[in-house]
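Let the hints inform the model, and build the full structure from the sequences given.
Protein chains: 2
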Amino acid sequence: MAVTRRSFIRGIGMAGGAGLAYGAMSSIGMAPAAGAPSATTSGYRPPSAGDLIGDVSGDHSVVILGGGPAGLCAAYEMRKAGYKVTVLEARQRPGGRVWSVRNGTTETDLNGETQTCTFSEGHFYNLGATRIPQTHITLDYCRELGVEIQQFGNQNATTLVNYTGDQPLAHQSVTYRAAKADTYGYISELLTKATNRGALDDVLSRDDKEALTEFLADFGDLSSDGRYLGTSRRGYITEPGAGLDFGGDTRPYRMSDVIQGGLGRNFSFEFGYDQAMLMFTPVGGMDRIYYAFQDKIGTDHIHYGAEVASLKNTGDGVDVTYVQNGRRKKVSADYCICTVPPHLVGRLENNLPADVLTALKAARPSSSGKLGIEYSRRWWEEDERIYGGASNTNRDISQIMFPYDHFGSDRGVVVAYYSSGKSQQAFESLRHRQRLAKALDEGAAIHGSKYKQNISSSFSGSWKRTKYSESAWANWVGASGHGGEATPEYRKLLEPVDRIYFAGDHLSNAIAWQHGAFTSARSVVTSIHERIAAG
Amino acid sequence: MAVTRRSFIRGIGMAGGAGLAYGAMSSIGMAPAAGAPSATTSGYRPPSAGDLIGDVSGDHSVVILGGGPAGLCAAYEMRKAGYKVTVLEARQRPGGRVWSVRNGTTETDLNGETQTCTFSEGHFYNLGATRIPQTHITLDYCRELGVEIQQFGNQNATTLVNYTGDQPLAHQSVTYRAAKADTYGYISELLTKATNRGALDDVLSRDDKEALTEFLADFGDLSSDGRYLGTSRRGYITEPGAGLDFGGDTRPYRMSDVIQGGLGRNFSFEFGYDQAMLMFTPVGGMDRIYYAFQDKIGTDHIHYGAEVASLKNTGDGVDVTYVQNGRRKKVSADYCICTVPPHLVGRLENNLPADVLTALKAARPSSSGKLGIEYSRRWWEEDERIYGGASNTNRDISQIMFPYDHFGSDRGVVVAYYSSGKSQQAFESLRHRQRLAKALDEGAAIHGSKYKQNISSSFSGSWKRTKYSESAWANWVGASGHGGEATPEYRKLLEPVDRIYFAGDHLSNAIAWQHGAFTSARSVVTSIHERIAAG
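Residue numbers (my numbering), protein chains in the order written: chain V, 18 to 552; chain G, 18 to 552.
Hints are computed from structural coordinates only; laboratory data are not their basis.
Bear in mind that the values here come from a model prediction, so they are computed numbers and not experimental data.
Check the hints yourself; a few may be wrong.
Copies of the same chain are indistinguishable here, so a pair counts whether it falls within one copy or spans any two.
To be verified - Heads up, simulated DSS-like pairs for lysine-lysine below, C-alpha to C-alpha not over 30 Å straight-line: (1) K210 - K226; (2) K347 - K484; (3) K97 - K329; (4) K226 - K439; (5) K97 - K313.
Quick look at the structure:
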């Protein structure tokens with residue numbers, strides 16, 4: 018298939034064939050505003066920053082290993098630019114680690130256990146990615162693909178914190194509302210006191226002090242003499258209502274208990290650049306994005322159940338073999354984009370250089386997993402006024418995530434744990450039945466005995482024990498956090514090996530985010546496009 | 018119509034006929050869990066705390082003045098218990114101050130100006146109530162009535178603050194994300210410093226200090242030596258992405274500028290008991306609740322376009338006259354529930370005692386209003402990554418509220434101001450065209466010139482200038498805030514005048530909230546029910 022001349026070259030400073038690049042790549046997601054003609058059907062199509070710009074001639078083929086976010090994004094973008102693409106995906110579904118579990122989902126894990134989900138129609142949970150920050154290009158793809166989105170409650174005043182230990186307030190369930198009110202109240206009181214005592218006069222001017230104490234009085238809801246004495250922000254014992262139902266005030270915890278109890282240990286989660294609300298998610302499951310990609314790419318170009326066996330540069334192209342329905346097949350293409358999890362690439366027959374194989378191994382696999390429980394009563398709404406968000410704990414379950422859909426209905430799926438690292442390792446070798454029992458015990462310690470009642474069904478997954486992934490996300494040796502941080506191995510894999518390119522969230526500064534996979538895919542697609550144009 | 022024997026007396030400690038009351042009234046909204054049989058159709062019907070319990074005999078009729086939240090809630094509950102109800106509503110729609118403006122909405126205000134809304138199909142904004150806290154009984158009615166709800170973004174990291182004045186950072190647009198990061202960073206640094214200096218040793222133990230500084234390091238994202246040097250929480254100049262696109266760091270503002278600039282002056286809004294997220298709203302407009310009430314009550318029992326003219330106790334009942342289609346009509350009933358705005362009751366022909374009329378006047382009317390603009394481009398999403406929430410300012414517009422629906426589509430309605438008090442008074446005497454011009458000037462000062470482009474249409478309303486309301490909510494003389502606070506006048510109106518009962522959010526501790534109207538209505542309904550039972 019010839020690379021077609023793009024009808025929507027926008028004339029943004031291109032110097033002939035060498036000017037090939039993504040439109041407005043420098044401001045990813047900030048799509049060019051107006052004037053970009055609709056390329057497709059009569060329906061709305063926003064201008065896209067993901068369109069390859071420029072003109073190359075000749076047939077060019079690409080084989081893409083993996084039908085997750087990076088693979089499908091790459092296939093979609095290259096198809097738009099007229100490339101011939103073949104996606105090989107070992108699973109029978111698109112999305113990779115984006116996996117929405119619903120009725121009929123069946124999986125045999127690497128522990129050898131098979132689970133089949135029996136949730137009610139319309140109910141699901143996302144075993145992998147479940148939320149999207151506003152700044153991520155993921156939302157641009159939702160817009161471009163027509164995937165409907167809704168708000169995702171990342172934090173909720175009515176959910177609970179409950180931490181084990183021997184500190185004050187240990188094992189007590191406290192609403193986020195109350196934990197915040199007391200914490201902010203006491204830190205405001207303390208800083209007001211220190212300021213008024215002149216303890217900070219070397220760094221605060223008189224005007225600073227006046228403005229600061231004014232802010233703190235409001236921030237902490239302090240009394241006129243600068244003390245925190247409790248606040249309606251904590252909530253009420255009985256709800257204020259009509260007439261003389263003023264609501265029953267709650268009493269604040271003692272300052273020392275609040276501080277030493279560590280009630281605020283999780284507050285900063287919601288300030289994080291990629292976690293601050295408002296957060297979003299597709300209506301009906303995160304996998305909607307990948308079914309939309311699949312529909313745009315065309316199922317002709319995606320081979321499901323295709324387990325890659327070998328990967329070899331041939332000098333003028335790439336040969337890939339795979340096993341599908343028990344038969345070994347071969348694809349040859351001009352280029353390959355490999356989105357296979359980095360620590361699994363070495364298992365393929367390959368002719369990659371030793372230093373590349375070493376670099377791939379530096380992306381260490383990690384543990385994470387979830388367990389979803391369908392309840393036939395929304396006790397969290399009816400009894401606890403919790404409509405979404407998560408309760409937090411230092412138990413192995415780490416958090417309990419309440420559904421963001423089907424509000425007010427008669428059933429719903431609660432994510433009874435979403436844990437990673439050591440906490441997840443406590444679950445991953447267990448049978449599902451054992452995981453559920455542990456999750457219920459820990460959840461009941463926070464939300465009470467109702468946590469064990471009205472359970473319809475459940476389903477769990479652990480990414481380390483999930484075939485074709487065997488990891489939740491990559492931890493680069495020598496790096497910390499979810500950023501690439503440019504370790505030597507990371508840098509190494511940013512370069513192609515002859516005609517093989519690596520892509521995935523592990524090669525981005527947004528590891529474990531779809532945005533990382535998409536930007537990586539776009540970067541590789543651009544590199545190939547530029548290489549061809551350069552001749 | 019006879020009061021039917023309730024089939025679902027739940028045996029919660031009733032002493033004969035005198036035990037009539039709402040089930041579980043003491044825990045409003047916390048509906049009794051299980052065992053309450055479905056009273057209606059085959060569809061799901063959650064157990065209701067709003068069912069009158071007990072048994073009275075004979076025909077009993079009630080005339081209800083006003084088809085807003087209090088009036089329709091009262092009518093719905095009394096109908097459930099078998100009372101004969103007649104609702105008189107002056108407007109041609111249910112909901113009162115719950116008013117969703119959409120295509121075809123026409124209103125002539127008390128300035129004499131007629132506006133007709135020409136928003137695109139499916140687009141609207143709520144000129145009155147627009148959000149529901151999780152704790153409010155409003156959500157229970159949504160469940161009971163089958164009104165679908167969705168999250169409402171009350172606060173958003175990507176929206177802006179921009180304050181006028183001569184303080185530092187005045188007239189600058191700063192994201193909430195950055196404003197919070199800097200404010201929390203500097204107060205954490207300051208309190209850490211004061212703590213380490215021993216300035217608070219009289220109130221903090223060594224363990225307190227250790228736990229506090231650990232919390233502050235995380236809360237403020239401080240350096241290892243306890244300083245705030247900026248943080249990724251502020252956001253990036255360029256978005257982090259693939260490979261070596263680490264994202265362009267932003268620099269924090271100076272401490273003194275952040276403090277004196279008052280960037281945090283609105284942070285406490287989101288800690289408020291009735292504003293803390295997660296917040297909710299019905300899909301398709303707040304008025305969906307009142308159309309649902311209407312459908313349950315039956316339109317036979319609601320007279321629209323019925324302007325009440327007189328209201329009189331007759332000794333054994335109440336006579337009400339009203340004007341409909343130019344004709345004066347009369348309703349007689351055993352009881353009356355009057356939900357007419359308190360400051361307007363005195364305009365009716367009435368035989369209310371002088372002290373009651375005086376008490377009604379103590380509920381002073383207030384100013385509030387909104388203006389909605391439909392844009393044909395969602396510039397807030399495409400250019401600024403704002404998907405809902407509000408920008409805040411001390412200009413008269415007070416805030417700009419971004420739509421919580423139609424994400425990613427080609428148009429949307431922005432609430433260009435939601436102001437009250439003096440800020441609203443700056444708008445209420447203006448013609449719509451002038452309001453729009455002022456709103457655009459003030460909005461453009463925050464969001465730039467794009468704020469004035471791609472405008473399709475607009476519609477504004479000011480509650481002081483809206484017929485039949487003439488107020489946004491009541492301010493009780495001698496009280497502050499939105500609680501009843503039991504002033505003598507407030508207490509006076511909690512008692513019936515013979516057979517006339519007053520209801521509305523003004524007679525609750527949740528003034529300006531639907532919850533206040535509902536709890537007031539339920540309280541009055543219970544009083545009437547108990548009075549009849551007592552014989």
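Could you work out which of the previously given hints the structure breaks and list their numbers from low to high?
The structure conflicts with no hint, since it agrees with every one listed earlier.
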